[in-house]
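A.B. asks: One letter stands for each residue in the lines below.
Protein chains: 2
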Amino acid sequence: MKDIIIELFAQGKYSQIKNEIGKMNVVDIAQLFAELEEDAIMIVFRLLPKEMAADVFTYLSFEQQQYVIESITDKETKNIIDDLFLDDAVDLLEEMPANVVKKILKNTTEEKRKLINQFLKYPDNSAGSIMTIEYVDLDKEMTVKASLEHIKKTGVDKETIDICYITDKARRLEGIVPIRKLILNDENVIIDDIMDKNFLSIKTDDDQEEIAYLFKKYDLVAMPVVDKENRLVGIITIDDVVDIIEQENTEDFQKMAALEPSEEEYLKTSVFSLAKHRILWLLVLMFSATFTGNIIQGYEDILETVLILTTFIPMLMDTAGNSGSQSATLVIRGLALGQIERKDALKVVWKEFRVSIIVGFALAFLNFFRIYFFVEGADFLISLVVCLTLFLTVVLAKLVGGILPIIAKTLKLDPAIMAAPLITTIVDALALIAYFQLAAYFLGLV
Amino acid sequence: MKDIIIELFAQGKYSQIKNEIGKMNVVDIAQLFAELEEDAIMIVFRLLPKEMAADVFTYLSFEQQQYVIESITDKETKNIIDDLFLDDAVDLLEEMPANVVKKILKNTTEEKRKLINQFLKYPDNSAGSIMTIEYVDLDKEMTVKASLEHIKKTGVDKETIDICYITDKARRLEGIVPIRKLILNDENVIIDDIMDKNFLSIKTDDDQEEIAYLFKKYDLVAMPVVDKENRLVGIITIDDVVDIIEQENTEDFQKMAALEPSEEEYLKTSVFSLAKHRILWLLVLMFSATFTGNIIQGYEDILETVLILTTFIPMLMDTAGNSGSQSATLVIRGLALGQIERKDALKVVWKEFRVSIIVGFALAFLNFFRIYFFVEGADFLISLVVCLTLFLTVVLAKLVGGILPIIAKTLKLDPAIMAAPLITTIVDALALIAYFQLAAYFLGLV
Chain A
1 MKDIIIELFA QGKYSQIKNE IGKMNVVDIA QLFAELEEDA IMIVFRLLPK EMAADVFTYL
61 SFEQQQYVIE SITDKETKNI IDDLFLDDAV DLLEEMPANV VKKILKNTTE EKRKLINQFL
121 KYPDNSAGSI MTIEYVDLDK EMTVKASLEH IKKTGVDKET IDICYITDKA RRLEGIVPIR
181 KLILNDENVI IDDIMDKNFL SIKTDDDQEE IAYLFKKYDL VAMPVVDKEN RLVGIITIDD
241 VVDIIEQENT EDFQKMAALE PSEEEYLKTS VFSLAKHRIL WLLVLMFSAT FTGNIIQGYE
301 DILETVLILT TFIPMLMDTA GNSGSQSATL VIRGLALGQI ERKDALKVVW KEFRVSIIVG
361 FALAFLNFFR IYFFVEGADF LISLVVCLTL FLTVVLAKLV GGILPIIAKT LKLDPAIMAA
421 PLITTIVDAL ALIAYFQLAA YFLGLV
Chain D
1 MKDIIIELFA QGKYSQIKNE IGKMNVVDIA QLFAELEEDA IMIVFRLLPK EMAADVFTYL
61 SFEQQQYVIE SITDKETKNI IDDLFLDDAV DLLEEMPANV VKKILKNTTE EKRKLINQFL
121 KYPDNSAGSI MTIEYVDLDK EMTVKASLEH IKKTGVDKET IDICYITDKA RRLEGIVPIR
181 KLILNDENVI IDDIMDKNFL SIKTDDDQEE IAYLFKKYDL VAMPVVDKEN RLVGIITIDD
241 VVDIIEQENT EDFQKMAALE PSEEEYLKTS VFSLAKHRIL WLLVLMFSAT FTGNIIQGYE
301 DILETVLILT TFIPMLMDTA GNSGSQSATL VIRGLALGQI ERKDALKVVW KEFRVSIIVG
361 FALAFLNFFR IYFFVEGADF LISLVVCLTL FLTVVLAKLV GGILPIIAKT LKLDPAIMAA
421 PLITTIVDAL ALIAYFQLAA YFLGLV
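So the sequences go chain by chain: A and D.
For the first sequence, the numbering used here gives the first residue as 1, with consecutive numbering after it.
For the second sequence, the numbering used here gives the first residue as 1, with consecutive numbering after it.
The following block holds chain A by itself, in its conformation from the complex (with noise of 0.2 angstroms):
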């Protein structure tokens, strides 16, 4: 479909164009958008039904946004920014230079313009900064015919009508109803009579991260934003719901990698961005791997004279690591979905102890027949250091690596940041540590 719009364009085809356009989905046509020269951009756009105009801006990038206000007329301008819905002009004014902005708010109604500045003062990553103004109030005394004709002549701007809010004259929240209710109920019920009391609800300041967790415990579709007062100011829906999931998982993945969290698109972000998310946690990672360095050279006098223990430092390093950081991934994970909390701390410190004691059997059992009969130079005396220090190494792991996330929590840090590097610069050092003392114990070192 793209393609053939995009022959078409080149063939100067336009009210065929026009013609194809609407009947694709809005999100494929900025696709599309993307694809375009600048030049055509602007022709293309025109081109748009003038109700899809709106919807196809807010899935346009910001830079196309941007290019798109500055080459439209103040009137262009004024339709657009009335069909825009309040979260997305808010979203859309945070992005834009200043010149951009002065046209946009020129052409935006006072009460808008008063409604936007509100929204631009709620923190990031709140309720408040993520809801939508556009939902249906009711109010508890109506019939559900007379709530069905309310919905009908102002429902058609509104972003879900799904669920219907009930608040009385001081704009306090009472009740929800969904909409399948009114269809499923008489005509004359009263909405009190069917109406749900028992709703969850959320403060305008409650981090996203909280409202995620509420959406997937309970399953919801939407949920209703309340200020300190309980007057309903809002409501946040699954589709925004979907997109903070995402994110959140993103900043995981990045922390437990050693990344500072950000929440551009790799693609789009800057080599001078990019490079500058990363040094930070290398630099305190290097430096803290000083201190293993430190820990061999305190040894060198056993290295010295058994030069062989060299060759399974990395082996012992890697393992350490590896078992560390997959321990600490299931925690993590496990406190994200508030799977594991923190009063499991003791259950998961014994189920890592018990797992440890298999694997580490394991591993350091296989280990020892390769390296008593395969590595050129290894006794049974080294071989036994070598796989007594991994088994302890594992255990030792999968201990740091289960525990360090709680504790982390439990100090109010987020667990991710204690994940796989961290724990790697703790257990190498501690591997490092129990190889050394065996080493000087059993081959009469010390």
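Because the hints were derived from the structure by calculation, they are not lab data.
Take these hints with a grain of salt, some might be off.
Just so you know, same-sequence chains aren't split out, so a pair can sit in one copy or run between any two.
Unchecked claim - Simulated crosslink set (BS3-like; lysine-lysine; CA at most 30 angstroms straight-line):
| # | residue 1 | residue 2 |
| --- | --- | --- |
| 1 | 203 | 217 |
| 2 | 276 | 112 |
| 3 | 169 | 347 |
| 4 | 153 | 140 |
Based on these hints, arrange chain D on the given structure of chain A.
C.D. replies: Relative to the frame of chain A, chain D by itself:
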């Protein structure tokens, strides 16, 4: 609330429980059950309002579901099974032991039994295994008024009526219409005139990853599932997709931490099963780390001559691993979210190359001064060798980390498998070879 019920139960105030529990959310009631003693479960379960019993039942753990089914009468079983949505009934049957399955099937209607059997044939994680068959279907000749009456008559059992589906005589899907459109349009409008004929649909054997991708891309709340003849067989709703998204993310987290993926919750997984999911990759990585060890062994004479070089091995290996997994994580995540595609391979390489030059230079520069001025026994040449290696290592690690996931994708392997642990092993080896070669050259040790 939970504590109040437990308190009331201890006091034997059952009628009060009956009052209070009806006001609770079914998810919270299920959590309450998780804290009840076995003998209390059945008493409280029977106090539930009839219309809530099946709902609460679906949120119980499999152990508790089994206990409930084993404890109730045939008639009670029939009531619950009748009220269960088909997809929940199928999930239940898949987890129950033979005797419970028998009891359930005995109390299921002939018609539902047939449907269940059909569902059990769909492959795991396919659209067919996730979909529900409770949807509203309409005829395109119907008026809005007739449609609303039809929904009123049949809609009570439907999992979602927010979107209605229009099929022809052969049950082929012709269009969709959101319920809001029915409400916003005039009573006499014909469905054919307002239904959306450009809808997205999926096939029964499409994979859940693809489904989640489409929901996210097009901001959907429900999607029709059709068979090979384009006949409507079910729908998938956003609440199931949210679970799929989290499951796919969990899988990626696990793969990236060298775990064989598992869907079970950590605290509910046996020690043996946890160990099993960890051992394989640890073994593979342990034995591949042997190669790293062999590299060290191959350069033993160099180490013997300048033993201080050993000190820097952990730092070089750790930085290599961390640099590589930073890049790999960003690319793997970009691939998973559809923000990076195979055709972007060269863009990624070029980006990683430039980033690695900046990062590598910064790390090497800072480290040079630390080593030269603060590490005893490290002269100018040794500091230079270490820092040149560090620079080269960062560049190599970032290139390998950036490109390996894309190669995996091209080979139809899961990019996440290529992540941190495997990349660490590869870049460790590269780092050590670079180290010893540079040392041999600059320190004249060939």
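A.B. asks: Does each hint fit the structure? Answer for all of them.
C.D. replies: Hint-by-hint comparison with the structure:
no. : hint        : verdict
1   : 203 <-> 217 : both (18 angstroms within a copy, 28 angstroms between copies)
2   : 276 <-> 112 : neither (38 angstroms within a copy, 59 angstroms between copies)
3   : 169 <-> 347 : neither (51 angstroms within a copy, 58 angstroms between copies)
4   : 153 <-> 140 : both (18 angstroms within a copy, 25 angstroms between copies)
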